[in-house]
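Participant: For reference, the chains in residue letters:
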Amino acid sequence: MTTEGNGTQGAEVKDRTPEDRTPERDAPLVELRGAGKSYGNIRALHGVDLKVFPSQVTCVLGDNGAGKSTLIKIISGLHQHTEGEFLVDGTPVRFSTPREALDKGIATVYQDLAVVPLMPVWRNFFLGSEMTKGPWPLRRLDIQRMKKTADEELRNMGIVLDDLEQPIGTLSGGQRQCVAIARAVYFGARVLILDEPTAALGVKQSGVVLKYIAAARDRGLGVIFITHNPHHAYMVGDHFSVLRLGTMELNASRDEVSLEELTNHMAGGTELAALKHELSQVRGVDVEELPEADALTAPVASSEGKS
Amino acid sequence: MSMTRQAEPAVTTPPAPGPGKETDGRTARRPLALRLLARPEVGVFLGAVAVLVFFLVTAPAVRDGSSMANILYQSSTIGIMALPVALLMIGGEFDLSAGVAVITSALTASMVSYQLTMNVWVGVIVALVVSLGVGLFNGWMLVKTGLPSFLVTLGTFLILQGVNLAVTKLVTGNVATDDISDMDGFDQAKALFASSFEVGGVNVKITVIWWLVFAALATWVLLRTRYGNWIFAVGGNKDSARAVGVPVTFTKISLFMLVGFGAWFVGMHQLFSFNTVQSGEGVGQELIYIAAAVIGGCLLTGGAGSAIGPVFGAFMFGMVQQGIVYAGWNPDWFKAFLGVMLLGAVLINQWVQRTATRR
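For the protein sequence lines, the chains are A and B, in the order given. For any residue, its number in my numbering is found by taking its place in the first sequence, counting from 1, and adding 5. For any residue, its number in my numbering is found by taking its place in the second sequence, counting from 1, and adding 3.
It should be emphasised that the hints constitute simulated quantities derived from the structure, not laboratory data. Note that this is a predicted model, so its numbers are computed, not measured. Heads up, some of the hints might be wrong.
Unchecked claim - Capping the alpha-carbon separation at 20 Å, the derived lysine to any residue pairs in SDA-like fashion look like this:
1) B:Lys193 - B:Val115
2) A:Lys153 - B:Thr228
3) B:Lys241 - A:Pro122
4) A:Lys138 - B:Tyr230
5) B:Lys241 - A:Ser101
6) B:Lys193 - B:Val129
With these hints in hand, go ahead and build the complete structure from the sequences.
Facilitator: Next comes the structure, spelled out in C-alpha cells:
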C-alpha cells in the first residue's frame, strides 16, 4: 500500500504528468461553487471555488485567519456554508454532522483534535466505527479483530508499535498524524482532508507525513492538504488554492505555477511587491529578493468573488 | 484488561525519529506488579482491604457475619448510585442532583400510588419516567446550552430540593409521605427492591446482589461495547469524538438518564424498605456518590476510570460508616473520617500511579 523505494517525494511527483490523470478530471469528488460562510456579521469565507479530483492532492494555502479552517469545517460537516453551493459527486449537499460527511467518504484528519489522548491506540483507531460481533443485546466489541486490523494497517503505513494498549497521547505528533491518516484510509475515505498535518512537526516527521499523503493519493483518494508551508505543498500538490482574507487569491494547477510564485502569493507577495518601492526607502529592509509586481503572472482566481 | 490510566499522557516522550524500525522494541515491559499498581482500581482495592483490616482489628464486632452483611448493604445503597455517577464522570460530567433525585423518585412513586389509590406498580413506572425525565432534562440542558454540568445540575439540585418539600407538603400536608405498605402490589415490589434472603444463617439484602449485577453489567458495557468506547471518548476529548462520528449528544444525555435510572432504583429501594419517604432527605448524598467514584479511580475531568473501582470506593464508605458504629465510637466522626479517607485515597492513588508509571 505504501510506495516503497520511491526516493524523495518531490522527485516522485515530478515524474507524474497531469495528463496521466485527465480521464478523472471531469468528475470532481467534491466541488465548491462560490461557497462562503458568515458568522453573524463576520464574513469568514466568500466566493470560494474548489474542485477535488481522485488521485490528486489539492493544496489550500493561506496565512492565519485566511479562512482555511472555515473551508475545511464546511467540507467536513462541522459547519454549514451560508452562500454558494457545495457538491459531492455532483449533488448539492448540506451536512449537519461530521457523521454525514464520513458516510459520503469525506474524512478529516485534524491538526489537534484527531484523537482522544487517554484512550489506547487501537480504540482510537476504530473510534466511532467500532467492529462488533454478536446479536444485539450481547453485541460487543470484536477486540481481537480490531487490534489485529489496527496493527496491520499501521504496519502498512510503516508505523510499528509494540503496545497498541498504550494511550495514543504517548505517541509523538507525527505518529499520531500517521495513525489518523491510516485510520481514514482504512475506513474507505474517498476524500481525505488534512488540516495542517505538518504544522507542529519537525523536518523528518513532516517528510513522513508527506509520504503518507502521496501514498493516500496513489491509492486513488482525493486529498485536500491544508498548510501554510508552500514548500510542503509543492512537494505533493497537483493543484494550489491560496486563500487570503476569506477569498481565493490564487487557483492554479501545478503546471501553471512555480514554487517561487506560490511562495510569494503565500507570503502576501502581491502586497509586498506593491510596497517594494516604499520598503526600499527604509533602512535595514532588504528588498533585493522581492519580486516586481508584474513578475507575478500566475493566473489569479476569478475576481468575481471579491467585492 | 484494557483501560490503563497512565499518570499523564506523556507528550514529553522523545519524538520518534520516524515510523522506522527503530520504534520497535523501545518500550520496555514494566514488571507485572508495577503495571497492576498503575491501575486505579487496584489502588482502591488495596485501600478497601486496608480499611477492612483496620476495622477487623479495632472493632471485633465487625468479624461477625451479620455485621458484614450489614456493611455490604450499606455499601450497596451507595454503590448502586455510584456506578452511573462514575460512568457519567468518565463521560466528562457530573450530576449534583443525584442525591435529591433519589428522593424525588421515591416521593413520586409513593404519592402517585397513594393519592390515586392505584397499584404501587403504577407509581413505580411513573417514578421511572420522572427520573429518566430529570436525567433527560439535565443532559439536554447541558448539550443545548453548553454550560458546565456543575451549573446545570446545581440548578436541578435546588429545584428538586424545593419541589420535593413543597409538593409533599401540598399533597400530604406533611413532610413525609403516607405509609403505602398495605397497598396493592406492595409485596411484589418489595420483593424486587427491598427483600432479603438467608445465606448460611446470615440475612443478606437483595440490593447487594443488584449492586454486584449492575457493577458487572457496567464493566462489560464500559470495556466491551461501542457505547462504552463512546463514554471514554466523550469524556476524554469531546471534539475529537464528535469529529470521528461518535454521537456525543446521545452519549451525554443517555449517561444523565442512566443516573436517573440509578436514582429511581435506589429511590424504590428506600420507599419499599421504609414504606414512607421523608421529603427533605437526600441532600449531600450526591457528594458521597461522587466521592465514591473518585476514590474508585475515576478521573474527575473525565476520560478515565472503571466501574469496578467505584464498587470498592462504595465499600470503603459503607465499611467506615458501619465500622465506626461497631467500634463503639461516636458516629459524629463519620464525615470527618470520610474526608480524611477521600484525601488519603486520592493522594495514595496519585502517588502509586506516579511511581508505577515512571519511565
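Participant: Does each hint fit the structure? Answer for all of them.
Facilitator: Each hint tested on the structure:
no., hint, verdict
1, B:Lys193 - B:Val115, "holds, 17 Å"
2, A:Lys153 - B:Thr228, "holds, 18 Å"
3, B:Lys241 - A:Pro122, "holds, 11 Å"
4, A:Lys138 - B:Tyr230, "holds, 14 Å"
5, B:Lys241 - A:Ser101, "holds, 17 Å"
6, B:Lys193 - B:Val129, "holds, 17 Å"
The structure agrees with every numbered hint stated previously.
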